[in-house]
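Student: Residue-level listing of the chains:
Protein chains: 2
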Amino acid sequence: MITNVNELDLKIESAHAAYEAARNVAPEERANWLSAIARNLEDHASELVALAAKETHLAEPRLRGELARTTFQLRLFASEIANGDHFSATVDHKDDGWGMGPRPDIRRVNVPLGVVGVFGASNFPFAFSVMGGDSASALAAGCAVVHKVHEGHFQLGLRTSQIVVQALASVSAPSGLFSAVSGREAGERLVDHPLIKAIGFTGSTSGGRALFDRACRRPEPIPFFGELGSINPVFVTEKAWTLRRDIILSEYVDSFTLSMGQFCTKPGILFAPTADRGELLEVLRRSLDGKSSAPLLNERLREGFDKSFSKVSTMAGVTTLIPGGGKSVSLPAVLITTTDMIRRRPKLLREEMFGPATLIVQYERGENLVHLAEMFEGQLTSSVHAEPDEDLTDLVGVLRDRSGRLLWNAWPTGVTVTYAQHHGGPYPATTASGATAVGTAAIGRFMRPVAFDSFPASHLPPALKDDNPWGIRRRVDGRWVNPTETHGVTE
Amino acid sequence: MITNVNELDLKIESAHAAYEAARNVAPEERANWLSAIARNLEDHASELVALAAKETHLAEPRLRGELARTTFQLRLFASEIANGDHFSATVDHKDDGWGMGPRPDIRRVNVPLGVVGVFGASNFPFAFSVMGGDSASALAAGCAVVHKVHEGHFQLGLRTSQIVVQALASVSAPSGLFSAVSGREAGERLVDHPLIKAIGFTGSTSGGRALFDRACRRPEPIPFFGELGSINPVFVTEKAWTLRRDIILSEYVDSFTLSMGQFCTKPGILFAPTADRGELLEVLRRSLDGKSSAPLLNERLREGFDKSFSKVSTMAGVTTLIPGGGKSVSLPAVLITTTDMIRRRPKLLREEMFGPATLIVQYERGENLVHLAEMFEGQLTSSVHAEPDEDLTDLVGVLRDRSGRLLWNAWPTGVTVTYAQHHGGPYPATTASGATAVGTAAIGRFMRPVAFDSFPASHLPPALKDDNPWGIRRRVDGRWVNPTETHGVTE
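Just so you know, the sequences run in chain order A and B. Everything in the first sequence is counted per the working numbering, starting at 955 for the first residue and increasing by one. Everything in the second sequence is counted per the working numbering, starting at 955 for the first residue and increasing by one.
So here's chain A without its partners, still in its complex pose (with noise of 0.2 Å):
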């Protein structure tokens, strides 16, 4: 079941030989690769969600739901495609005018990068594994996918690479555009190849900085969109925490246990005004009282859960609220501590216990939370819970330097594929700050602009012709143009 290194070089040869197959095709026929994979995942949807429920211990109607948005995602990233923004065609006619000198004609469009290397994480068994935002954006990009199979949910990952290929093979997609690996050595491998021209990966900070450190350290380096570790800070203010303190509670704790708090966006530590300990336990309590407990996805990541949570709950002025535990199951734990442990331990902003417990920090009544939002290194997310009257300019301003989303009275858990959707984030929530992992957004991070100088109308790509066959948007001479209008040569 472990791909060896011969098995490795074949597939990424086959996947190149896909990409160069695949380069040229038109935008509606790579969508419609897209929609047939969509499809095929639907078809079979419960033999999938009892595989993945079995292996990872997450409860079926969140599987059934993840399922649903990696379909969905497909399907828009299709839709975009087809629209072609991707590409960012950029037209400037031949113009003896222009204001440095004449400039000769120089059209510029986005163009694959070639095969990509796609890590599947362990805490999202669909949408961030095999046919995932990284898959689905790479393929939507032109790109060929060489897939690393999770050993969390290994035979889910095997079966759904079948079915991914399967429907590819439905629609002729050129053969080996997707194929799966597996085994660390694969993974290592996957990284080294000069075939390989890109990375996406999933996962801890560890594990993702060397693979960083790896692809860096190629002959040819090359980029390694890493989505890492996160906090999640969240800051309640006096004003908030007076008028709503029980309901921001409530949605906490909702937000930090859901799927057992296994999410990169889990709030890992809210910021809140120094209450009565044992007031807070109370409602902590009645806010958990209820919620399931299942799990964790693997033993490997219960380990890692127990030892984050072992090396914060036993630092010196870190109270436990509410224990948590348990040894198959773990239960939520919250932890809670003052902003004066913060000062003197400012490791503990940084120490990411991935599972179901969180951190509550309390400040004192006129303490300044922006300078404790200015102790924090990059996030995935940063959250302010506030009354609409309040200024937060400052808090806000800090916030964004470290964050690639921002949320106003809203949790970070559950995060929507759209158009304006960032997932990203400063380093260490990732490795490349510009690039986002969920949205439409995220297809653009496998491709590179190509500029065409001078070019006969014969071999100019369909994108950059002057009658835009595509009927995409595009800008000529400095103005965009939607497919609607007339746009030939400008004098």
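Check each hint, because a few of them may be wrong.
One copy or any two copies: either way a pair holds, since identical chains are not told apart in the list.
[To be verified] Here are the simulated DSSO-like cross-link-like pairs (lysine-lysine), alpha carbons at most 27 Å apart as the crow flies: (1) 1193 x 1419; (2) 1193 x 1048; (3) 1245 x 1265; (4) 1048 x 1419.
Derived by calculation from the structure, the hints in this document are not laboratory data. Keep in mind it's a predicted model, so treat the numbers as computed, not measured.
For this one, chain A is given, so just place chain B on it according to the hints.
Tutor: Frame of chain A, contents of chain B only:
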């Protein structure tokens, strides 16, 4: 004159404070800053050109043209950011009927990265130095700039920096938004400093790779936009050669001798059908006749050129057609070899001779140019010279995979600054193949997206407010909306 570590840290901290003071400034004001710099450079044109001529040995008309290009670029970027396209502002209103389940109100905008370190190039004392493309695009993006002055035009670098600082002060831009440093130690520390969030670099492959590695090794790795070396191969088809040999050779000579061959886009290798070498010599001599010569940029560059020229010219199978040489002034040189030799010594395709030398590679009639093209690494440019009725789809496809810009019956030197320009390419042409060093698209390198989720209007950045106060083009609920159209909340 050399910046010590304390001075450097102070300049970076001051730049960071200026970035923070300036980050919410309206695009029109920022555009005004760029225009003020352009004006002040023009006001000091004679002084600057004289200084540059003295330090670089480049001819005055070339230097005047380069300065004009630099100020044009500043003004083009100013008008570009006033349009607001660089924000990629995207608004998705709350939608309970969204395909994967209800979505919150989510909006995305590009924000500046922070302080950018910019390394000046030896061969473009204006256009790729103090206020060249990297600095201009970083300032346009909303970043602050700390510039490492190049030793090759040190006095010019210091003086230009003063003029830039003066211009920024005259329009009340925050103090510290631009500053200059010098010395090797300062350069390394610039890459390491935690407040530096990106690097722009133009220079040699070895120097650039060393700094790229340094940027990757940081606790928080940062994007390194390095423009390194390129051979810029030119492929002449048999048909074009038969019909236009002498014209092609004459244009080739014009291109490779421009500014003494000290361009990253110099055509370093030309593939042409086998021809009588005596005849070739005749045509080349005629074309070279009357070309003015000048000393190379500086002694260090001269030594590098001599070394690489001697390495290539003494390889077995390489013949010196035109010897070039000379002590203080370097005369242009032409080497010649065959595809047989190339196949035996593919390293020949990777040896950039930065200066007035080029290599003709003769191929046999009927030989497959595609196979030769496949031997190349990443290039800034690749060119073909062919007749209109020839089908070069395969050759262009292979070159597309290896190049940032493709040219047809045109020469790579002379890189116009436009909307469609792309000056980049796969490694080792650059360290970031998705980025361009020239053209308006260069601005986006120094920005990253941030999403605002469920935010009240009071705390949304202007680019994302429903009433679009900056009047920029945005994508709203999937549809691009020009500022003149109304686009309130959709249902």
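Student: Would you mind marking each hint as holding or not holding in the structure?
Tutor: Here is what the structure says about each hint:
1. 1193 x 1419: This pair counts as between: shortest inter-copy Cα distance 25 Å, intra-copy 59 Å.
2. 1193 x 1048: Answer is between; shortest inter-copy Cα gap is 26 Å, intra-copy 61 Å.
3. 1245 x 1265: within (25 Å within a copy, 73 Å between copies)
4. 1048 x 1419: within (14 Å within a copy, 37 Å between copies)
In this structure, none of the earlier numbered hints is contradicted; all agree with it.
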